[in-house]
Each structure stands twice: as structure tokens, then as C-alpha cells.
Amino acid sequence: MVTGIGSLGGREGQLMNMQYPMAGLRGACTVPLVRRDRGPGGRPSGEGAVPVCRPRDFQMAAEVSARPEAVAGARRQLVCLLESSGLSECADRVMLVAQELMVNAMTHGCENRPEGFFSVRAMHAWGRLRVEVEDPSTRQPLPRSASADEEGGRGLHLVDALATRWGTDLPAPGMTGKTVWFELDLLGGAVSS
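Numbering that gives the first Met the number 0 numbers the first residue of the sequence shown as 0 and each following residue consecutively.
Honestly, I wouldn't trust all of these hints.
[As the list claims (entries may be wrong)] Simulated restraints on C-beta separations:
hint: 1; residue 1: G166; residue 2: W125; range: 15 to 25 Å
hint: 2; residue 1: S146; residue 2: L95; range: 14 to 24 Å
hint: 3; residue 1: A147; residue 2: G126; range: 31 to 41 Å
hint: 4; residue 1: E114; residue 2: E88; range: 33 to 43 Å
hint: 5; residue 1: T175; residue 2: T106; range: 13 to 23 Å
hint: 6; residue 1: P67; residue 2: D91; range: 15 to 25 Å
hint: 7; residue 1: A60; residue 2: A147; range: 38 to 48 Å
hint: 8; residue 1: M94; residue 2: T167; range: 35 to 45 Å
hint: 9; residue 1: D184; residue 2: S146; range: 26 to 36 Å
hint: 10; residue 1: H156; residue 2: E110; range: 13 to 23 Å
Source of the hints: derived by calculation from the structure; they are not laboratory data.
Cβ coordinates follow ideal geometry from the N, Cα and C atoms, glycine included.
When you get a sec, could you build the whole thing from the sequences and use the hints?
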């Protein structure tokens with residue numbers, strides 16, 4: 000199991016807490032599979048072998064300072080994790096949606112907290128990618144209608160359009176905050192329709 004831990008609150012470049020439950024001795028590589036065309040009699044032929052990479056399952060968690068440069072660092076680390084796990088085809092979509100949730104956590108979830116932090120978690124298993132952003136506010140995110148001249152107010156519509164599913168989880172009794180999450184169903188590293 001590959002693990003590392005760090006904070007993105009001003010100490011850029013440290014590892015996030017990552018786990019590769021299926022990695023074993025394979026290190027940082029994706030698991031190569033070979034698909035062969037079937038010849039006469041259903042046996043694989045030596046010609047036409049096509050290498051196929053199965054994306055690697057992972058779990059990641061990071062505590063992020065509620066500052067724009069820390070959000071940018073968390074985004075870059077998430078992109079690197081996706082690319083090293085064989086999920087580069089969906090990285091742009093994940094980044095757009097994750098960026099929106101992280102900026103919302105920074106702007107709305109950590110407002111009035113001078114040393115605010117929020118958490119980011121990402122998991123990939125069984126063809127599903129889930130990203131969670133947890134902040135200390137109990138205020139629920141609500142999509143709103145923005146006028147044509149407003150700069151903001153469209154982010155949750157973007158999340159709704161790009162994610163397979165998204166929602167908010169409330170904390171356990173006696174706890175504060177909320178977790179806003181999204182999921183993408185993936186097929187071979189690409190978002191399935």
C-alpha cells in the first residue's frame with residue numbers, strides 16, 4: 000500500500016494522504032492488461048494484441064487552507080493523482096467540478112473564519128470516482144438563477160451538468176459542517192454517458 004500525508008495549507012509540494020489498496024508490488028504504474036483478437040477456434044492470435052490499461056483504484060485526503068493559492072495547489076495535486084492512476088481522460092471534467100466545490104468551501108463554507116480549512120477526499124474504485132469537499136459551515140449549497148451581468152451564481156449548474164450525481168451529506172449528530180460530493184461513473188478511465 001502506498002501512503003503519504005501532508006497539508007496543502009502553505010506547504011505546497013507535500014504529499015496528500017493516498018492509499019492504493021490494490022497496488023501491491025506494482026508501484027506507481029497502472030496495471031497493463033492485454034486484449035488479443037480471437038483467431039479461428041476462439042484462441043487468441045499473436046497479431047493484433049492491443050495493450051489496455053486498467054485505471055488504478057485509490058483513496059486520497061487533504062486538508063486545504065481556505066486561500067486561493069492553496070485551492071490551486073490541491074487542484075494540481077488531484078490532477079497528478081488522476082494522471083498517475085490512469086484517469087487522465089476525465090481529469091479536466093473532475094477539475095472543473097472539484098474546483099467549483101473547493102471555491103464554494105473557501106468562499107461560503109469558511110467565511111468569517113480567519114484560519115479556515117476544509118477537507119478534500121477523492122476515491123476511485125469499481126469504475127466510480129467520488130470527490131468530497133467538507134467545510135465547517137452548515138449552510139447548504141443551493142443552485143440559483145444568476146442574471147446575465149453577474150459574475151457568479153452558475154457554479155452548481157456546472158456541477159449538475161458535469162457530474163453523474165452530486166449532493167450534500169449532513170454531519171453526524173453533535174458535529175458541525177457539511178460534505179458536498181460528486182460522483183462520475185467511469186468506463187475504462189473515461190466518463191460513461
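Here's how the hints hold up against the structure:
1. With their beta carbons about 19 Å apart, G166 and W125 fall inside the hinted range of 15 to 25 Å.
2. As the Cβ distance of S146 to L95 is approximately 22 Å, the hint placing it in 14 to 24 Å holds.
3. Taken as a hint, the range 31 to 41 Å holds for the pair A147 and G126, whose Cβ atoms sit roughly 39 Å apart.
4. Range check, E114 to E88: about 37 Å between beta-carbon atoms, so the 33 to 43 Å window is met.
5. Distance hint for T175 and T106: a CB-CB separation of about 18 Å, consistent with the stated range 13 to 23 Å.
6. Between P67 and D91 the C-beta distance comes to about 20 Å, which sits within the given range of 15 to 25 Å.
7. Separated by about 39 Å at the C-beta atoms, A60 and A147 satisfy the suggested range of 38 to 48 Å.
8. Between M94 and T167 the beta carbon distance is about 21 Å. The supplied range of 35 to 45 Å is therefore violated.
9. One distance hint, 26 to 36 Å for the beta-carbon pair D184 and S146, holds here, with the actual separation near 34 Å.
10. Between H156 and E110 the beta carbons are some 22 Å apart, a value that agrees with the proposed interval 13 to 23 Å.
The structure fails hint 8 only (numbered hints given earlier).
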